[in-house]
Each structure stands twice: as structure tokens, then as C-alpha cells.
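*Asks:* If you want the building blocks of each chain, they are given just below.
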Amino acid sequence: MSTLLAAAIVVTLACYSLAMALAFVRLLRGPDPQDRVLALDFLYINGMLVVLVLGIRFASNMYFVVALLIALFGFVGSAALAKFLLRGELVE
Amino acid sequence: MPLWIEAFVALLLLASGVLALTGAVGLFRYGTFFQRMHPPALAATLSAACVTLAWIIFFSVVERLPALYPLLINVLLALTTPVTTVLLARAALQRAREANADVPPTLAVKKTPSPD
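Which chain is which? The protein sequence lines are A and B, in order. Once you know that position 81 of the first sequence is 99 in the working numbering, the rest is easy, because the numbers rise by one and skip nothing. Once you know that position 62 of the second sequence is 64 in the working numbering, the rest is easy, because the numbers rise by one and skip nothing.
Derived by calculation from the structure, the hints in this document are not laboratory data. Treat the hints loosely; a few may be bogus.
To be verified - What follows is a list of derived Cβ distance ranges for each label pair:
1) A:A24 x B:L73: 18 to 28 Å
2) B:V63 x A:V84: 47 to 57 Å
3) A:L46 x B:F36: 13 to 23 Å
4) B:R66 x A:R47: 40 to 50 Å
5) A:P51 x B:P4: 45 to 55 Å
Stated by the list, open to error - What the simulated footprint calls covered on chain B by chain A, stretch by stretch (three residues with Cβ under 8 Å from a Cβ of chain A suffice, anywhere in the stretch; the number is not a length):
6) 9–21
7) 102–108
The structure presented is a predicted model; accordingly, all values stated were derived computationally and were not measured. Here a beta-carbon is modelled for each residue, glycine too, at the ideal position from N, C-alpha and C.
Let's have the full structure, built from the sequences with the hints guiding it.
*Replies:* Right, dumping it as C-alpha cells:
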């Protein structure tokens with residue numbers, strides 16, 4: 019791991035952290051419930067990106083599985099929340 | 003690892019970070035929900051594509067064989083993001099109609115009583 023790539027990874031992680039902080043403010047403030055669901059959706063995608071970048075940082079394949087699972091379960095959660103907002107119940 | 007490959011991977015990662023930050027700023031600053039729906043797609047499509055491409059290049063060089071499995075994440079995101087977006091948009095539209103907000107009316111045809 020050269021200093022160039024390590025520095026780029028630090029800057030990238032800082033960008034992700036700032037993005038997650040902004041999304042978290044939207045999650046806390048968001049006037050409507052759908053705003054909060056959207057911010058949560060954005061948060062889990064950012065978390066998945068953080069895990070992928072950490073996988074490059076530590077040169078380990080295991081992080082890929084973690085990212086895949088985050089993407090999968092994040093979608094399930096977002097879809098369930100959106101369905102709940104649409105109908106008011108999950109299973110009809 | 004050759005320097006130019008490392009520089010390319012670093013460039014991809016930086017681009018991904020800047021794109022994700024752009025999406026977050028859009029999510030934070032836009033005025034209405036229907037405007038706010040758009041920027042987060044940037045993180046799910048272009049930013050994720052940059053990271054997975056960087057991962058593919060990095061691990062293909064490190065392990066000396068093509069590591070194409072991160073494309074799974076791109077396929078998964080391409081399948082799931084539109085579903086979430088459409089569900090959220092429909093939920094927001096329905097809630098806005100129930101609140102009598104200024105949104106387009108539903109396209110469903112109203113049942114008219116038959117003439118006879």
C-alpha cells in the first residue's frame with residue numbers, strides 16, 4: 019500500500035463520512051416520513067461503499083461479502099418501509 | 003503494483019467520494035421530496051460503479067487473476083434501486099393526495115354508472 023493510495027482512501031472515507039452526516043441530518047429533520055426512508059436508503063448505500071473501500075485498504079476479499087449483504091438487506095428494509103408508507107400495513 | 007495503476011485506482015476512489023458527497027448535498031439542500039429523490043441515485047449508480055471498478059482493478063493486479071465478482075453488487079443495485087424509488091414515489095404521491103396537496107390526480111378511471 020503506497021502513500022498515494024492510502025491518502026486517496028483517507029480522503030474518500032472523509033467524503034463518505036461527510037455525506038453520511040448530511041444524510042443523517044436529513045434523517046433527523048426530514049419533514050415527511052418518506053424523507054426519512056430516503057435518507058436511510060442513502061445511508062446504507064454509503065455504508066456499503068465504506069465497507070468496499072475498507073476492503074481495498076486492507077486488501078481482503080471478505081469485505082465484499084459484507085458489502086453484498088448490506089446491499090441486500092438494505093433493499094429489503096427500504097422496500098418494507100416504503101410499502102408500509104404506501105398501505106399502512108406490510109402483509110395484506 | 004505499478005504506480006500508474008495505483009494512481010488510477012486512487013482517482014476512481016476520489017471520484018466515487020466526490021459523487022457520493024454531491025448526492026448527499028443534493029439530498030440535504032433540495033426543497034421538496036420529489037426533488038430530493040433524485041440526488042441519492044448518484045451514490046447508488048455512478049459512485050458504486052467507480053468503487054467496484056477500483057476494486058476489480060486492484061484485486062486483479064494483487065491476486066494476478068481477474069476478480070470480476072464485484073459486478074454482482076452493481077447488478078444487485080441496478081435491480082433494487084428503481085424498485086425502492088418507485089415504491090417511495092408512489093407512497094409520497096398517495097400521501098400528498100390524501101393531504102390535498104398540489105399534485106397530479108390519479109390516472110385511474112372513475113367508474114361511471116351505466117346508462118341503462
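*Asks:* A separate judgement is required for each hint: does it hold in the structure or not?
*Replies:* Do the hints match the structure? See the list:
no., hint, result
1, A:A24 x B:L73: 18 to 28 Å, "26 Å, holds"
2, B:V63 x A:V84: 47 to 57 Å, "22 Å, violated"
3, A:L46 x B:F36: 13 to 23 Å, "21 Å, holds"
4, B:R66 x A:R47: 40 to 50 Å, "49 Å, holds"
5, A:P51 x B:P4: 45 to 55 Å, "50 Å, holds"
6, 9–21, "holds (count 9)"
7, 102–108, "violated (count 0)"
Going down the numbered hints, you'll see the structure goes against 2, 7, while the others check out.
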